[in-house]
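Q: Order-wise, the sequence lines are chains A and B. The first sequence: position 292 = 292 (our numbering), numbered continuously. The second sequence: position 124 = 124 (our numbering), numbered continuously.
Hint data in this document are derived by calculation from the structure and do not stem from the laboratory. Certain hints may be false.
[Claimed, not checked] Simulated restraints on C-beta separations:
| # | chain 1 | residue 1 | chain 2 | residue 2 | range |
| --- | --- | --- | --- | --- | --- |
| 1 | A | G340 | B | T139 | 57 to 65 Å |
| 2 | B | F111 | A | L63 | 28 to 36 Å |
| 3 | B | F111 | A | G336 | 47 to 55 Å |
| 4 | B | S234 | A | A109 | 26 to 34 Å |
| 5 | B | F111 | A | R110 | 13 to 21 Å |
| 6 | B | A291 | A | L63 | 35 to 43 Å |
| 7 | A | P209 | B | E97 | 20 to 28 Å |
| 8 | B | L192 | A | G112 | 34 to 42 Å |
| 9 | B | L229 | A | G339 | 36 to 44 Å |
| 10 | A | E174 | B | E97 | 20 to 28 Å |
All residues carry an ideal CB built from backbone N, CA and C; glycine is no exception.
Number of protein chains: 2
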Amino acid sequence: MTAVVYGVGSSPYAKQPERSAADLVAEAVLEALTDADVTSVDAVYVGTVFGAPGVAQRSLHPLGIVDVPVLAIENACASGTSAFHEARAAILAGRYERVLVVGIETMTARFGGAIHPELTDAEGRQGLALPSLYAMAATRYLRDGAVTREQLALVSVKNHRHAIGNPRAHYSGEYTVEEVLGSRMIADPLTLLQCCPISDGAAAAVLGPRRGVSRDVPIRGSALRSGGLWDHRSSHVWGYQLVRDTAALAYEEAGIGPEDVDFFEVHDAFTIGEIVTTEALGLAEAGGGGALVESGHTSLGGAQPVNPSGGLLSRGHPLGCTGVAQVAEVVWQLRGEAGGRQVGGARVGVIETMGGGVSGIDGNGAVVAVLGG
Amino acid sequence: MTAVVYGVGSSPYAKQPERSAADLVAEAVLEALTDADVTSVDAVYVGTVFGAPGVAQRSLHPLGIVDVPVLAIENACASGTSAFHEARAAILAGRYERVLVVGIETMTARFGGAIHPELTDAEGRQGLALPSLYAMAATRYLRDGAVTREQLALVSVKNHRHAIGNPRAHYSGEYTVEEVLGSRMIADPLTLLQCCPISDGAAAAVLGPRRGVSRDVPIRGSALRSGGLWDHRSSHVWGYQLVRDTAALAYEEAGIGPEDVDFFEVHDAFTIGEIVTTEALGLAEAGGGGALVESGHTSLGGAQPVNPSGGLLSRGHPLGCTGVAQVAEVVWQLRGEAGGRQVGGARVGVIETMGGGVSGIDGNGAVVAVLGG
Numbered sequence: 001m002t003a004v005v006y007g008v009g010s011s012p013y014a015k016q017p018e019r020s021a022a023d024l025v026a027e028a029v030l031e032a033l034t035d036a037d038v039t040s041v042d043a044v045y046v047g048t049v050f051g052a053p054g055v056a057q058r059s060l061h062p063l064g065i066v067d068v069p070v071l072a073i074e075n076a077c078a079s080g081t082s083a084f085h086e087a088r089a090a091i092l093a094g095r096y097e098r099v100l101v102v103g104i105e106t107m108t109a110r111f112g113g114a115i116h117p118e119l120t121d122a123e124g125r126q127g128l129a130l131p132s133l134y135a136m137a138a139t140r141y142l143r144d145g146a147v148t149r150e151q152l153a154l155v156s157v158k159n160h161r162h163a164i165g166n167p168r169a170h171y172s173g174e175y176t177v178e179e180v181l182g183s184r185m186i187a188d189p190l191t192l193l194q195c196c197p198i199s200d201g202a203a204a205a206v207l208g209p210r211r212g213v214s215r216d217v218p219i220r221g222s223a224l225r226s227g228g229l230w231d232h233r234s235s236h237v238w239g240y241q242l243v244r245d246t247a248a249l250a251y252e253e254a255g256i257g258p259e260d261v262d263f264f265e266v267h268d269a270f271t272i273g274e275i276v277t278t279e280a281l282g283l284a285e286a287g288g289g290g291a292l293v294e295s296g297h298t299s300l301g302g303a304q305p306v307n308p309s310g311g312l313l314s315r316g317h318p319l320g321c322t323g324v325a326q327v328a329e330v331v332w333q334l335r336g337e338a339g340g341r342q343v344g345g346a347r348v349g350v351i352e353t354m355g356g357g358v359s360g361i362d363g364n365g366a367v368v369a370v371l372g373g
Numbered sequence: 001m002t003a004v005v006y007g008v009g010s011s012p013y014a015k016q017p018e019r020s021a022a023d024l025v026a027e028a029v030l031e032a033l034t035d036a037d038v039t040s041v042d043a044v045y046v047g048t049v050f051g052a053p054g055v056a057q058r059s060l061h062p063l064g065i066v067d068v069p070v071l072a073i074e075n076a077c078a079s080g081t082s083a084f085h086e087a088r089a090a091i092l093a094g095r096y097e098r099v100l101v102v103g104i105e106t107m108t109a110r111f112g113g114a115i116h117p118e119l120t121d122a123e124g125r126q127g128l129a130l131p132s133l134y135a136m137a138a139t140r141y142l143r144d145g146a147v148t149r150e151q152l153a154l155v156s157v158k159n160h161r162h163a164i165g166n167p168r169a170h171y172s173g174e175y176t177v178e179e180v181l182g183s184r185m186i187a188d189p190l191t192l193l194q195c196c197p198i199s200d201g202a203a204a205a206v207l208g209p210r211r212g213v214s215r216d217v218p219i220r221g222s223a224l225r226s227g228g229l230w231d232h233r234s235s236h237v238w239g240y241q242l243v244r245d246t247a248a249l250a251y252e253e254a255g256i257g258p259e260d261v262d263f264f265e266v267h268d269a270f271t272i273g274e275i276v277t278t279e280a281l282g283l284a285e286a287g288g289g290g291a292l293v294e295s296g297h298t299s300l301g302g303a304q305p306v307n308p309s310g311g312l313l314s315r316g317h318p319l320g321c322t323g324v325a326q327v328a329e330v331v332w333q334l335r336g337e338a339g340g341r342q343v344g345g346a347r348v349g350v351i352e353t354m355g356g357g358v359s360g361i362d363g364n365g366a367v368v369a370v371l372g373g
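Full structure from sequences and hints, please.
A: Below, the structure written as structure tokens:
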């Protein structure tokens with residue numbers, strides 16, 4: 001048995017506080033159902049981090065999606081991919097024939113400028129929001145000579161350029177390394193253009209067993225983990241080992257290695273995130289991610305583009321939506337429907353999300369999935 | 001393949017705002033692991049409604065439960081049983097050998113006196129919190145002659161009496177019908193003693209495949225649904241059809257009918273809730289739930305006790321915890337470990353939760369499960 005993606009859809013990713021969660025979900029779900037050529041589903045898994053209780057049912061009811069199992073899943077920035085992972089497992093188990101996966105987050109109406117630190121976390125009580133946690137990883141990389149400030153900036157340059165071809169992206173543009181480094185400092189060494197924006201958006205995917213439709217995209221592997229014990233004395237920066245272990249499981253299930261992947265959509269919430277993640281996914285040795293981006297290997301036109309959509313930095317990062325947005329992007333790429341950001345000859349794509357800043361563990365959760373082939 | 005419950009545990013259910021979610025979870029999980037004679041688990045499903053993002057990982061990390069899939073699930077008052085339902089499905093699919101289910105809610109520190117209405121709901125904007133929604137159902141039953149005020153009060157009398165035998169219960173005591181009806185009016189006709197308290201608590205269960213241990217409790221059936229379209233013109237009050245349809249699926253899977261069940265733990269958030277639920281579960285015809293409680297059929301010592309633990313009204317209702325608290329109670333009963341509230345000859349128990357007040361649908365979600373036998 002193989003689970004496949006029948007269809008995908010999304011809202012634009014943008015600051016759109018005037019739009020309700022239900023409105024955003026409707027746009028994404030109607031596109032996905034049409035794309036999937038499906039008119040009803042047997043179950044729904046919704047990824048959301050800060051969605052109000054009931055946001056799933058409240059958003060689905062106006063679409064007539066009622067009377068079936070509906071669950072909201074929270075797993076930090078991996079919420080959307082966690083919903084996808086569970087939906088795929090449900091298909092493989094034969095529980096349902098058609099499962100709808102939704103990612104939804106309305107950030108700007110809730111937070112305005114920034115996400116409030118969680119005061120039940122030790123880090124949160126010290127005012128350490130996510131930018132600070134990523135900045136500490138970047139500082140360690142800089143101190144160890146594993147990356148340069150310019151290489152960090154190149155991630156932003158690349159992803160903002162990629163997003164020029166993505167009409168759904170929150171931001172895009174041609175920036176220079178100097179412009180990235182010269183933008184406002186958020187958490188040293190991470191400047192504004194190295195941080196993902198606060199975005200609102202929804203994305204959706206319809207999954208089911210193989211049905212003999214050539215444009216359906218098979219899911220060859222998917223793995224979900226939470227982080228092991230971690231502190232600043234650990235061998236690697238926060239998140240590296242978690243993503244590495246999760247990816248190993250997904251590659252093993254798919255029967256491939258990173259060299260077999262044509263492109264990646266990964267969790268570049270901050271530039272250092274993409275550097276560390278490309279290393280953890282096996283595109284470079286630990287400490288080799290900076291040289292990798294500088295080589296052009298991960299740019300559109302390079303051997304293995306990373307974040308052709310623009311990634312979280314440029315497409316945007318509506319938390320619970322992000323993983324499903326990645327699924328949608330990979331499906332469009334594998335079908336050759338990605339327009340101005342199309343990866344040539346895309347046959348196998350990998351998505352990766354990693355989230356959370358809970359004290360003492362190497363990330364709340366990560367999902368890595370292999371699609372296509 | 002049959003999934004079984006290896007062990008269960010819980011905190012007390014009480015107003016305990018000084019205790020963190022992690023502290024409550026630790027008490028429940030350590031008891032459940034000990035009870036299950038298990039030292040590690042392969043995955044964790046956590047039910048919570050208002051838990052902060054990351055509450056699952058933040059609570060599990062101090063216990064050394066890291067490096068495995070951890071998901072938080074929200075499905076209104078059915079969150080805990082939804083986590084249980086998904087965990088059981090994961091066992092049946094062969095995904096994991098040992099799955100930990102946790103329900104956690106810290107209500108008093110968040111809400112103080114009452115849950116704030118959700119302003120994205122039409123009902124919430126009108127100030128209609130859950131007591132009001134249940135009160136409208138009770139008013140319809142009273143108008144139709146389907147129940148009397150005294151019969152409503154008898155549910156409270158019964159469940160507070162049952163809870164005298166439950167040392168973990170939030171409240172308990174011998175009340176008269178007059179005392180129940182004379183307590184402060186909350187939402188006419190529901191008086192204070194007909195409304196569940198705001199409670200803090202955690203509960204846990206360890207699930208796995210059969211392992212030949214006689215005290216393990218088999219899960220014979222479990223069903224999860226969301227509500228169909230509903231409004232005040234529908235044939236039945238809010239929640240009836242949802243619970244009825246969900247129960248039909250669970251009974252069918254278990255190969256039993258309501259007459260084969262020895263006792264029930266059901267969602268009596270308000271007295272009218274238990275009345276409607278006993279009807280929906282097939283213990284009485286629609287409109288017969290009032291006479292049923294009056295007959296003593298559902299009291300401890302009666303033919304089919306309902307809520308021997310005291311139910312939500314008396315044991316308490318920490319939202320996401322409640323479903324897992326029900327699982328724990330049913331396991332204790334089926335093992336004959338329920339002390340002063342033991343149901344004689346308990347062989348088959350049913351749990352039911354129903355939650356949510358989203359406009360236009362018959363409840364956000366419901367779970368019915370059949371244990372034992």
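Q: Run every hint past the structure and note whether it holds.
A: To see whether the hints hold, each was checked on the structure:
no.	hint	verdict
1	A:G340 x B:T139: 57 to 65 Å	holds, 60 Å
2	B:F111 x A:L63: 28 to 36 Å	holds, 31 Å
3	B:F111 x A:G336: 47 to 55 Å	holds, 52 Å
4	B:S234 x A:A109: 26 to 34 Å	holds, 32 Å
5	B:F111 x A:R110: 13 to 21 Å	holds, 18 Å
6	B:A291 x A:L63: 35 to 43 Å	holds, 40 Å
7	A:P209 x B:E97: 20 to 28 Å	holds, 25 Å
8	B:L192 x A:G112: 34 to 42 Å	holds, 39 Å
9	B:L229 x A:G339: 36 to 44 Å	holds, 39 Å
10	A:E174 x B:E97: 20 to 28 Å	violated, 53 Å
Hint 10 alone, counting from the list given before, is not met by this structure.
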